[in-house]
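Undergrad: With the hints as a guide, bring both chains together as one complex.
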Amino acid sequence: MAMAVGARLRQEKVKKFEDFVDRRLKPDLVNAIAQRDNLFQQQKTFLDLKKNIENLEKNGVTSMRSMVNLGSEVYMQAEVPDTKHIFVDIGLGFHVEFTWQEALQFISVREARLARQIDEYTHLIASIKAQIKLVCEGIRELLQLPAE
Amino acid sequence: MATAKKGTATPLASAFSPEETRRAVSRVAQAIADRRADLARIQGFFADNAALVNLVQRLPDELSHQIMVPFGGAAFFPGSLIHTNELLVLLGDGYYADRSAKQTTEILHRRGMELEAQMEAIKATISDLEAEAKFFESTAAEASEGLVEIREEYDEEDTEIISSKTEASSSSGGISDEEHARMMARFDELEMLEKEAGSTSEDEGDDDDDDGDDEDAGTSEDGEENGETLSYGNEHDNVSFGASVSGSGGNGQSQGNAQLKSALKKLGEKETLQGSSLAPSGSTSITNSEVQASLRKAVSFKDENGQIVSSSRYSSGPKVSSSRDRQILPGGQKAFTGSIVEHDEGLSVIEQPRSNDSEKPASSASSSRPMSRFKMQKGGR
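Each protein sequence line maps, in turn, to chains X and F.
Quick note on numbering: the UniProt record's numbering labels position 111 of the first sequence as 111, and the sequence is numbered without any gaps.
Quick note on numbering: the UniProt record's numbering labels position 289 of the second sequence as 289, and the sequence is numbered without any gaps.
So here's chain F without its partners, still in its complex pose (with noise of 0.2 Å):
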């Protein structure tokens, strides 16, 4: 095949091992706990920090309170609480101010709202956290159960040329070596039938009867001639998209980064990378309904049709010209009626430090490539 494509295909379980996920999965729930069990102290803080405002705001009301005043750890003397106005307030480094009830109170709700903000920002960690461990879970869910990654490089130029050549000669460009003989072997046919005809036109031109049924015969071979030559041409056209399809999908993962975690930061989101690559060998040597049924085969499909379509029109953003889009999409609903699970190998993505994320889609979308579709998924609703 003069249009091998490079590509691979890789159990998922190969790239993430049931132990090292459960591992993964095990450390991210104890990050988890740990967060949580801050989040419950700063809690009691703050609830602490609240009881103690609405004290010191009641305080004053009265000029003395009667209390029981510590002396030591164990015991203490009946007595009151005198200047209930003046209080003694601990800024840190063992420096303390004279405050009035009302000052302390303005310090206090300060307090209060460092110690929210300080909730909120382990809010946010536990809830990363959570989708990293869901994400770890989901992965080692689908690896179990046999789900196949298929990768392949984005090459737009190598795509054109497939385009090309598949439009110059249908049998060329990504059909198998069976069709491809049945396909020639059909024309054979057609071509014997024309000389046939041509030739019973020729020599027997006066033979009406005959005549009449060999064109009877001629336009129904016609007729069905060009349902072939349509089911082809939808061949093809399905071909073009498989190529297309897959660069994007490539081109996803290129930005896989990028996706991976702006996946992980929409919590709550149960959305799994979803992006659609396309078996490349599948594209090229097998027939749309054999792609379709082999695909379906290895890989567990999410039978999403619009999400692919609209995916497919999302992807073909700025860079892809309209023409192309019409040309993918009618072979495109027929032939990819699924969703293929996208995961970027290696865990340590996850780790990188997230300011990143920002700067990532930017410089993605520089290098002249459409979108990521995931990205414009997002943004598009």
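In isolation and in its complexed conformation, chain X is listed as follows (with noise of 0.2 Å):
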């Protein structure tokens, strides 16, 4: 009777721990993923940026000429009469006008932060994972289950 009462609690602490794991630490671990790739992505953005200005910069382009999406792979040519000044996304809808230097300095910066986001996130996501073994040792251990 006693085992039987230890044996139905025993189940419902795994119960308890597989639910913290499938509720909780993995769509934790999923958007933990997915907020790294947004950064990666924007590290990347920056990247090309700062490579084009500098070619920019190494050509001594003033004027040049691209080709603007309209939306659904519709494109159409545009022409930039001056290219020294150049507006830049700083986050949050808004856009600073730069000279090519000061876009330099200013991506950067940015990368540095991104940098640093990045991190965080990879040290995040490492722990979520970490919990995540943990709470399945602990189910392990509940079930007596020999260790891997």
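In case anyone wonders, no lab produced these hints; they're calculated from the structure.
No residue lacks a Cβ here, since even glycine has one placed at the ideal position from N, Cα and C.
Incorrect hints may have been included.
Unchecked claim - With a straight-line Cα cutoff of 25 Å, these simulated SDA-like cross-link-like pairs (lysine to any residue) come out:
hint	chain 1	residue 1	chain 2	residue 2
1	F	K102	X	L70
2	X	K84	F	G94
3	X	K44	F	G94
Stated by the list, open to error - What follows is a list of derived Cβ distance ranges for each label pair:
hint	chain 1	residue 1	chain 2	residue 2	range
4	X	R24	F	D34	20 to 28 Å
5	F	E19	X	R116	46 to 54 Å
6	X	V96	F	R23	53 to 61 Å
7	F	Q30	X	N55	44 to 52 Å
8	F	A124	X	Q105	53 to 61 Å
9	X	D28	F	L63	49 to 57 Å
10	X	L143	F	Q30	30 to 38 Å
11	F	Q118	X	S66	30 to 38 Å
TA: This is the structure in structure tokens:
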């Protein structure tokens, strides 16, 4: 009788742990990974921008032509008469008019910040993974299964 | 009983267990939600496309437009659109075509039409699924109400045998033992009276008073007898009607797939599958009123008198002779005032490809059976 009650309690505990892993830790992990991917994307964007600006600088381009995507992959030619001033997205929908040098400076700051954020998320992801592992080990012990 | 009928009466709840129906409903609901998401996505594309058509049509109005030219994902330069009548359109698979604004508009229109067709297809699927969900829900509701499904194989010859038998001798056909015994007792009684009357007329022909009394009694008895036989006749009619109706009910079931699918196809119309079938044992062993009463009890009737009558008229379409038709109707109107909801067993029917729809009715029609009354009704309206 006591054993049966104990078994039932253990079952309930295992169920609780599994719920915690499935409903809390795993969604958290997915979320964190998505956030980090987003940051990677931004990092890449700014890296590209830096390269492009450096290219413009190197070639001394003062005017250029490009194709603008109007939507649904329909493009139209566009002309930029003056490339000295560039508007860069600084976040929250704000764009600031920079010269090339200013833009490069800003991009380096931004890149450092992005790198730090990515580091943070990497740590977060690692810790969530560790927690999942821990809870799984706990379940294993409760069920008295042999270690893998 | 010589004409014991084979038929089954199964509670719907046993065929469709509640949790299974619930699961089916939820699965269909999930499918509907998925399709709705698809539809919303495509509607988004369609709106974008319409906006782009508008834009492309307006752009060549001016030689250049002041815009911010994007430079990578996070920056742009102030600049302008030039060559406003030259567009580069992605045809797909990495191929681009130089098109004028007008040509681009045409391309975009064609894309819009394609999107519209897709939307229509998804809408049709959704309404299909909704009908399916409705069907499942009504099935679940009926199962929980304790509805009973009655099915019986349709056998035309059998039916005819019964009706002829009942015509020949109303006692042997489809009347219960009890009823039979009662009738026989009545016959005996009448015969006795007749004999008595005969004997009195033979023996005491000169006794006017007595004779008159007897004759009076006789006529009144006769009247009663006539009434009785008339009512028996009615019953007999009803029995044969019952047989034929149940037959057509069985037939309806044999066409169940087509019915079911056509029902599913007709969306919005909250038609449940309605067919009339008759408890075979009931029709053979119990008298009319009893049949009605017991059926009322067992089956949740929908009292739509006209529907059944009309359906029986429809079901006796090309194959059933008009004489029988006439024979059927008066009794039928009296006897069966309800409709019994029929369901085909096995939910897999719905999963069957719908392309068969057009073929099914034709094949079933060719099998020398009267047309599904369900279909006739649909066609009639």
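Undergrad: Does each hint fit the structure? Answer for all of them.
TA: Verification of the supplied hints:
no.: 1; hint: K102(F) - L70(X); in the structure: holds, 15 Å
no.: 2; hint: K84(X) - G94(F); in the structure: violated, 33 Å
no.: 3; hint: K44(X) - G94(F); in the structure: holds, 23 Å
no.: 4; hint: R24(X) - D34(F): 20 to 28 Å; in the structure: holds, 26 Å
no.: 5; hint: E19(F) - R116(X): 46 to 54 Å; in the structure: holds, 53 Å
no.: 6; hint: V96(X) - R23(F): 53 to 61 Å; in the structure: holds, 57 Å
no.: 7; hint: Q30(F) - N55(X): 44 to 52 Å; in the structure: holds, 51 Å
no.: 8; hint: A124(F) - Q105(X): 53 to 61 Å; in the structure: holds, 58 Å
no.: 9; hint: D28(X) - L63(F): 49 to 57 Å; in the structure: holds, 55 Å
no.: 10; hint: L143(X) - Q30(F): 30 to 38 Å; in the structure: holds, 33 Å
no.: 11; hint: Q118(F) - S66(X): 30 to 38 Å; in the structure: holds, 33 Å
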